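*Asks:* As they're listed, the protein sequences go chains A and B. Each residue of the first sequence is one higher than the one before, counting from 5 in the working numbering. Each residue of the second sequence is one higher than the one before, counting from 131 in the working numbering.
Read the hints as simulated data drawn from the structure, not as lab findings. As the structure is a computational prediction, the values presented were derived from the model and not from experiment. Do not rely on the hints blindly, as some may be mistaken.
[Stated by the list, open to error] Straight-line Cα separation of at most 27 Å, DSS-like style, residue types lysine-lysine; simulated pairs:
1) A:K43 with A:K221
2) A:K345 with A:K9
3) A:K190 with A:K176
4) B:K163 with B:K411
5) B:K388 with A:K270
6) B:K245 with B:K163
7) A:K9 with A:K344
8) B:K249 with A:K270
9) A:K269 with B:K245
10) A:K164 with A:K269
11) A:K270 with A:K43
12) B:K388 with A:K164
13) A:K270 with A:K190
14) B:K298 with A:K269
15) B:K245 with A:K270
16) A:K239 with B:K411
17) A:K221 with B:K298
18) A:K269 with B:K418
19) B:K418 with B:K298
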Amino acid sequence: MKNVKKTRRRDFITYGMVIAAYLVVQALLDTGHISNSLKNQLIPICVYVCMAVSLNLVVGILGDLSLGHAGFMSVGAFTGIVVSMSLQNAIPDGIVRLILAIAVGAVTAAIAGVLVGVPVLRLRGDYLAIVTLAFGEIIKNVLTNLYVGADGNGLHISFKNAMAMGMGLDGKTIINGPIGAVGVTKLATFTAGFILILVTLFITLNLINSRSGRAIKAIRDNRIAAESVGINITKYKLIAFVVSAALAGMAGALYGLNYSGLAAKKFDFNTSILVLVFVVLGGIGNIRGSIIAATVLTVLPEMLRALQDYRMLIYAVILILVMIVTNNPLLRSVTQSVVKKLKAPFVKKKDAAPAEGGDSNG
Amino acid sequence: MIGLISNLISGVSLGSVYAIIALGYTMVYGIAKMLNFAHGDVIMVGAYICFCGINYLSLPPVVAVLLAIIACTALGIVIEGLAYKPLRSAPNLAVLITAIGVSYFLQNSALLIWKSDPKVFPSIIKLEPIHCFDGQLTIGGVTLVTVLCCIVVMVCLTLFISRSKTGKAMRAVSEDKVAAQLMGINVNRTISVTFAIGSGLAAVAGVLLCSAYPTLIPTTGAMPGIKAFTAAVFGGIGSIPGAMLGGILLGVIEIFAKAYISTQFSDAIVFAVLIVVLLIKPTGILGKKISEKV
């Protein structure tokens with residue numbers, strides 16, 4: 005009983021943190037205290053938080069390194085854009101279209117997740133990582149050569165060029181090959197992003213705390229032991245992988261509907277890596293850490309804008325230093341003892357001490 | 131038929147560049163068990179240094195190439211010492227992220243130093259093309275030099291690894307770090323040497339790559355880096371002949387896919403072949419099968 009309460013309390017803190025952050029930002033927005041450049045970052049922050057949380061499900065909870073998460077994001081983004089743009093006349097209400105786009109984005113990304121997951125999850129370790137990377141590149145390559153248009157007769161798809169779609173005269177190109185999506189109506193709002201974070205958190209945290217979640221963690225900690233107590237490895241690995249892909253698809257749909265134009269090359273290897281950096285810096289397996297890291301690291305380059313050309317250089321140095329410092333055995337033991345001492349007066353019950361981080365398996 | 135041979139030759143040539151890069155990945159992986167994502171950017175640095183040596187210092191090409199090799203070797207040692215050495219006992223992912231940090235660092239330093247406008251790499255290989263079959267088949271000088279370089283590198287490296295004392299130490303460390311240390315091998319020095327050799331090879335690859343595709347920008351190394359990394363995995367990561375085989379196969383597949391299937395989807399085809407190979411042989415073509423102990 006005690007254990008259940010502890011995880012639940014921890015989850016409530018996570019939800020509370022997100023809601024509080026939303027309220028504070030919303031208040032600042034209303035009073036005009038947020039600069040324009042930061043305002044433009046609000047929706048990407050929400051998207052990256054969702055991406056980081058969903059990737060953490062694979063990297064932290066399932067324990068498999070995925071380097072192609074941006075691929076699922078792009079699948080979600082492009083289907084989201086197609087859904088929203090092709091239904092523009094049928095459903096005039098923006099919010100309904102946004103919800104529909106996110107839902108369809110999630111479904112297609114989940115299908116992509118199954119297609120990728122079934123072969124990939126047979127592999128292990130670095131080989132699995134490289135295959136997810138390869139799938140990410142394939143998805144990017146295919147989407148770069150995708151042409152989608154809509155006219156009175158419905159959707160037209162081609163992999164050759166815009167002419168090959170054979171649209172009627174009233175036809176409108178939605179996705180134009182390497183140029184990407186063009187003329188997209190922006191539907192994403194900060195509130196929608198906030199709700200998406202809550203939905204992502206709800207799905208992720210419930211999965212982690214469920215019977216399936218425990219099975220997934222058991223696979224991570226010891227695959228052979230898990231298998232020998234009758235856990236179906238493939239099934240649970242696939243569950244984690246597909247849920248993660250679907251969540252990335254949702255985030256992607258929101259991202260796609262935040263810009264008037266979007267090219268597939270935006271979702272390259274670097275984007276996958278960016279999200280992985282959030283997960284690792286936030287703490288592997290630590291959902292709350294992912295949220296904080298995604299927020300801080302999306303805002304950080306903006307904050308460093310004053311340094312102009314040097315900002316990405318400083319970002320890189322910070323990244324390296326943080327990794328070295330947090331993994332230094334001497335420093336680690338020092339900070340741990342300091343944290344313990346600081347916490348000591350507040351900790352009444354003995355079991356509350358190893359709160360967060362206990363989940364991370366390194 | 132001539133077309134096929136011509137494509138095969140350009141495939142082998144491109145594959146040779148991949149193979150030289152893949153050697154750097156595979157050696158570092160074999161010995162330090164880490165994916166060195168910054169390797170692709172060392173290629174770019176090497177190419178830039180060679181470019182500067184020729185254009186600004188007007189050095190003869192051979193000296194400029196040597197300068198690039200020396201600089202990259204030094205760079206490899208410095209990167210290893212500053213960024214990776216402190217993380218020797220850290221979890222794999224932490225090292226991976228650090229490598230990505232180093233990659234960002236190199237790319238952005240290059241952006242600051244050399245700016246984002248593309249530089250045209252000078253043609254330093256001035257070898258007459260060879261004509262065969264009554265001039266139906268032309269083999270470019272760059273192609274020839276690339277393949278020759280690859281063969282030389284492969285032979286030298288194999289001899290070095292199998293015969294020299296340092297090579298022996300490298301094999302020992304990659305087999306079992308602790309046992310190697312107990313035998314009196316300086317593990318840290320051996321890892322440094324591995325990085326030095328890998329980075330020196332990266333400089334060679336950078337010069338060859340830019341001789342074939344002369345546009346030089348700070349992200350030049352990124353995509354060949356990923357492809358070569360794929361090649362290393364393809365052949366079985368950690369295995370030196372595997373990297374060679376993987377690199378050449380990848381180059382041939384890429385050129386054939388471009389020539390006979392689709393130019394636009396060549397990347398997708400290359401990666402799809404990789405996936406199929408890994409599904410059939412989960413540890414690559416020449417990779418060792420790892421048996422799991424309970």
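*Asks:* Given the hinted pair K164 of chain A and K269 of chain A, is their alpha-carbon gap at most 27 Å?
*Replies:* holds, 18 Å
*Asks:* Between the alpha carbons of K190 of chain A and K176 of chain A, is the straight-line distance 27 Å or under?
*Replies:* Holds. K190 of chain A to K176 of chain A sits at ~17 Å (cutoff 27 Å).
*Asks:* Verify the proposed pairing of K245 of chain B with K270 of chain A, using a straight-line Cα cut of 27 Å.
*Replies:* Holds - the C-alpha atoms of K270 of chain A and K245 of chain B are around 21 Å apart, at most 27 Å.
*Asks:* Has the given pair, K163 of chain B with K411 of chain B, been kept, meaning a C-alpha gap of at most 27 Å?
*Replies:* With a Cα-Cα distance of about 20 Å, the restraint between K163 of chain B and K411 of chain B holds, given a limit of 27 Å.
*Asks:* Between K270 of chain A and K43 of chain A, does the CA-CA distance stay at or below 27 Å?
*Replies:* Judged against 27 Å, a Cα distance of about 21 Å means the pair holds.
*Asks:* Please work out if K245 of chain B and K163 of chain B have their alpha carbons no farther apart than 27 Å.
*Replies:* Not OK: K245 of chain B and K163 of chain B at ~34 Å, beyond 27 Å, violated.
*Asks:* Within 27 Å, alpha carbon to alpha carbon, are K269 of chain A and K245 of chain B?
*Replies:* Status holds; Cα separation ~22 Å.
*Asks:* For the pair supplied as a hint, K239 of chain A and K411 of chain B, is the alpha-carbon distance within the 27 Å limit?
*Replies:* holds, 22 Å
*Asks:* Check whether the Cα positions of K270 of chain A and K190 of chain A lie no farther apart than 27 Å.
*Replies:* holds, 17 Å
*Asks:* Do the alpha carbons of K221 of chain A and K298 of chain B lie within 27 Å of each other, as the hint requires?
*Replies:* violated, 41 Å
*Asks:* Is it true that the CA of K43 of chain A sits at most 27 Å from the CA of K221 of chain A?
*Replies:* violated, 38 Å
*Asks:* Take the C-alpha atoms of K9 of chain A and K344 of chain A, compute the straight-line distance between them, and say whether it is at most 27 Å.
*Replies:* holds, 22 Å
Checked against the numbered hints above, the structure breaks hints 1, 6, 14, 17 and 18 and satisfies the rest.
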